[in-house]
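Q: What follows is each chain in one-letter form.
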Amino acid sequence: MNIVACVKQVPDTEAQIRVKPDGSGIDETGIKWVMNAYDEYGVEEALRLKEKHGGDVTIVSLGPARSLEAIRTALAMGADKGIHICDPALDGADAYVTASALAAAIKGIPFDVIFCGQRAVDDDAGQVGAMLAELLGIPQVTVVTKLEVNGASIRATKPVEGAQLLIESPLPCVITAQKGLNEPRYASLPGIMKAKKKPVDVKNAQALGVSAEAKLKVLKFVPPPARPPGKIISGDDAVAKASQLVGLLRQEAKVI
Amino acid sequence: MERVTFSVGNEGRQVFWNVHDFEWLLYAFSVVALAIFAYGLYRRWKMWTAIGKPEMRIDRIGERLKALFVNSLLQLKTFRELYPGVMHGLIFFGFLVLFIGSAVDAVEFHITEPFGFAFLRGRFYLVFSFLMDLFGLFIFIGIMLALYRRYLLKPDRLGYREERDNTPDDAFALILIALIVATGFVVEALRISVTHSPWEYWSFGGWVLAEVFAGADVRTAEMFHRILWWLHVFISLLFIAYIPYSRLLHILTTPANHFFLSLKPAGSLEPIRDFETAESFGAGRLEDFTWKQIFDADACTRCGRCQDGCPAYLSGKPLSPKKLIQDIKTHWLDRAAIAGKQSSGGGEASGAGEPAKTLTGEVVDLHELWACTNCMYCMEHCPSAIEHVPKVVNMRQYKVLTEADFAPELQLTYRNMENNSNPWGIGAHLRADWAKELGIKTLAEDPAVEYLFYVGCSGSFDDRGKKVSVAFARILQAAGIKFGILGTEEGCCGDSAMRGGNEYLYQSLAQANIEVMNRYGVKKIITTCPHGYNALKKDYPNFGGNFEVYHHTEIIAELIAKGKIALKKPVKGTFTYHDSCFLGRYNDIYEQPRTILKAVPGVKLAEMERTLSQSFCCGAGGARMWMEEDIGERINDMRTDQAIATGAGTIAVACPFCLTMLSDGIKDRKREESMAALDIAEIVWKAMDRDAAAT
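Residue numbers (this note's numbering), protein chains in the order written: chain A, 1 to 256; chain B, 1001 to 1695.
Please note: incorrect hints may appear among the correct ones.
Said to hold, decoys possible - Straight-line C-alpha distance at most 20 Å; calculated EDC-like pairs for lysine to aspartate or glutamate: (1) A:52 x B:1489; (2) A:197 x B:1405; (3) A:194 x B:1279; (4) A:32 x B:1418; (5) A:196 x B:1433; (6) B:1604 x B:1588; (7) A:32 x B:1063; (8) A:179 x B:1403; (9) A:196 x B:1276; (10) B:1264 x B:1489; (11) A:194 x A:56; (12) A:197 x B:1276; (13) A:220 x A:56; (14) A:32 x B:1405; (15) A:194 x B:1405; (16) A:198 x B:1276; (17) A:52 x B:1403.
Simulated from the structure, these hints should not be mistaken for lab results.
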């Protein structure tokens, strides 16, 4: 079985995000970059499929040179090889360009199932997986929490509005992974060491023949407004406090 | 041989009296017994050398001989406990004196007397006889104490929970020794009953017993004497021959283990050096242990002292340090027997039989492996100097590094340490926020300081720990000590990673810290956390981090002694001090925290029953801080109960892990109203009464 897992390198969710003074992006100093958590569920599921059905797992990532670390992390977990789409021309690619690049890279290799995270925790767009399936012309099941593969088809579970949707799809298809799909493994040390020697193909836009034009343009990054300090309601007794609270909710917060 | 005559003034006794004709036969039997002994030892030697990686344990001979002297000859560790100490001491010193006495006797009989010099005469003989009888009696009493204890008192430590671990060998060894002594006294009594030498009351045992045979005629007494003499000889020779085949072997293996003991700091672990090339890490199979780690198991006497203070065992977890070592021993006996056959049969090493069991999961249950808090009680009190904790960590290394198969909550902890250099996973950029209001400079701002205050993760991120950092920093400021912090350049010390088996992560964290510290030319470091203290002081030198490291209790004690800080405001109440394992047993800091508390006006100090080197772990060491505790009772609650029993209102601690665990214990026991856990620094800061001045 030929399995592909797409990963994105994102800032650690605990990292301090500072917007550059000119608003052109974020200041990357001091940021710890990690594999997007949802992509990790995808990689883990890919590895479990490989362990069950055989085959190999290819990791595909688009990003600057540092993204190689995310690919190596996936290789350390047990994936077999990587494709790193690395091209300054693709910096700041939107979801459409990203999906086009990934599709171009994946078209060149055999695939039965493709995993993506249901979204990346940096821009929270949640579009790449779906676009990738469309560009490849194959079915997709998004936000999957349970997956069974039987021969040439899959059965995937996705949560919808407090219920579960069970979807069947033929292979090949794109699965986007949601929390709950599995518990990603901790890479073993021999795995980490072996990952350093596993092949990673570095490709640029030209080699892949990506000519997609971005559909979106980022105008400006703006930090969220600082949270105003909380107010402690004072008063002699509960009645006084309550009337003050009502007053504030009505006049300041304007919620009642 | 000419008969020597003894008389008052020339007292003595005839060697081989009444059995002179059998002298050669005795030597013949002795040779057989010694041959059986030697063969047993040879076989054991083959087993000791069959499996295990090399390890240097014969360097620094002087220190090793000293350990041998103190632990084997003086029995100092054995004497730490009264009953078993006296029991074993009576048998040990009894045998020692009897052995020396027999040697003296033999030297006289075979060497000096043929040259016309007999020294076992007169007063020397009388004292000699007296001592031999006295120490013979000691052995007998010791054996009786041992039998009484093992079979009637039945202390928990001589078993595992409800199961006793008595074997037929235990009883046989004790009875054998008792019979040697008993027959010895009877033989002596029969001789005295015939010879009637008036000075023989010095041989008081035989003298008293001789009364029993007073009515017998000489011939009958002589006949019984011969029979009993042979019995005595046979049992004694059986004893010698039996040593290598029984628990008596500890007579040799335990002193050997004292000689081979680790000369490294307590709990020190050999760092893994070859991450790049090795295929396997830690100890997954017996072959992954060093010869000394395996030899340890053969020095274990199953005395169970380790078990008696093990927080995991006492709280109902499956781990018992004794069982762990015995399970390894049983496995080693199987494996070494197979290895021995293969090497003598010339077969290939990897060949015959079923595949060897894994240590992790088959020989040692994984719940046992992960229950250890690395508290060091077992190693501190083991009279055989067995090193349990490094074996536990080596096996954890196998599970974590080689197999990556371990508790999910610990995986999360490690990821947090990887990504944000702290076990909680709080953003690394927030590390120095606790110090914002205090005007403390980082070394980047001012590297010209006397001390680096290495704050550690608890002191930086944990709300309770941050208060300790603030209190201690204010004490230093009030005392006029010039110090700085690393700010966001500081990283996790790595202790939990290392003790949880993640040596790879630990080394990367350690190296990052060392790199920063060396860059600023740091020389002296203070920590408030004993885990960081131990790692920086004892383990960082392995990676080029050589610093003078102090715990804050050492520094505060010195500031008080030098009058740099004044404790004037009474902090009234009864306090009990909980010894942190990594401060006490690991680093021998027991006095300073107590000295500090005694210097605080109004403090009444009450000790818990388990205190000082016998202190009971809070449950957080050995990466247990970050793991679920779902078997048995909670260790921190048990420790809290022990503190409650002292009637103290405050549990004074000197470790942020202990602070968390005991604060939780106080909550679990619903004592928040009447009790609190406070760090020594917080208590001192209160007593300094400087809050108004500082804020």
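Q: Give a verdict on every hint.
A: Tested hints:
Restraint check: the Cα-Cα separation between residue 52 (chain A) and residue 1489 (chain B) comes to about 44 Å, which exceeds 20 Å; the hinted pair is violated. Only pairs whose Cα atoms come within 20 Å are accepted, and residue 197 (chain A) paired with residue 1405 (chain B) is rejected, the gap being roughly 23 Å. Using a Cα cut-off of 20 Å, the hinted pair residue 194 (chain A) and residue 1279 (chain B) holds, with the two alpha carbons roughly 10 Å apart. For the hint linking residue 32 (chain A) to residue 1418 (chain B), the alpha-carbon distance of about 9 Å falls within 20 Å, and the restraint holds.
Note on residue 196 (chain A) and residue 1433 (chain B): the hinted pairing is violated, with a Cα-Cα distance of about 37 Å set against a maximum of 20 Å. Between residue 1604 (chain B) and residue 1588 (chain B) the CA atoms are separated by roughly 23 Å; this puts the pair beyond 20 Å, and the hint is violated. Distance hint between residue 32 (chain A) and residue 1063 (chain B) is unfulfilled; the C-alpha atoms sit about 48 Å from each other, more than 20 Å. For the proposed pair residue 179 (chain A) and residue 1403 (chain B), the alpha carbon gap of about 24 Å is over 20 Å, so the pair is violated.
Straight-line distance between C-alpha atoms of residue 196 (chain A) and residue 1276 (chain B) comes to about 10 Å, which keeps the hinted pair within the 20 Å bound. Our distance criterion of 20 Å between C-alpha atoms is broken by residue 1264 (chain B) and residue 1489 (chain B), whose separation comes to about 30 Å. Restraint check for residue 194 (chain A) and residue 56 (chain A): satisfied, since their Cα atoms lie roughly 15 Å apart, inside the 20 Å limit. The suggested pairing of residue 197 (chain A) with residue 1276 (chain B) holds, with an alpha-carbon distance near 11 Å, which does not exceed 20 Å.
For the proposed pair residue 220 (chain A) and residue 56 (chain A), the alpha carbon gap of about 41 Å is over 20 Å, so the pair is violated. Restraint check for residue 32 (chain A) and residue 1405 (chain B): not satisfied, since their Cα atoms lie roughly 25 Å apart, outside the 20 Å limit. A threshold of 20 Å between alpha carbons decides the hint, and for residue 194 (chain A) with residue 1405 (chain B) the separation of about 18 Å falls inside it, so the pair holds. Simply put, residue 198 (chain A) and residue 1276 (chain B) have alpha-carbon atoms about 14 Å apart, close enough for the 20 Å limit, and the pair holds.
Straight-line distance between C-alpha atoms of residue 52 (chain A) and residue 1403 (chain B) comes to about 18 Å, which keeps the hinted pair within the 20 Å bound.
Hint violations for this structure: numbers 1, 2, 5, 6, 7, 8, 10, 13, 14, all remaining hints satisfied.
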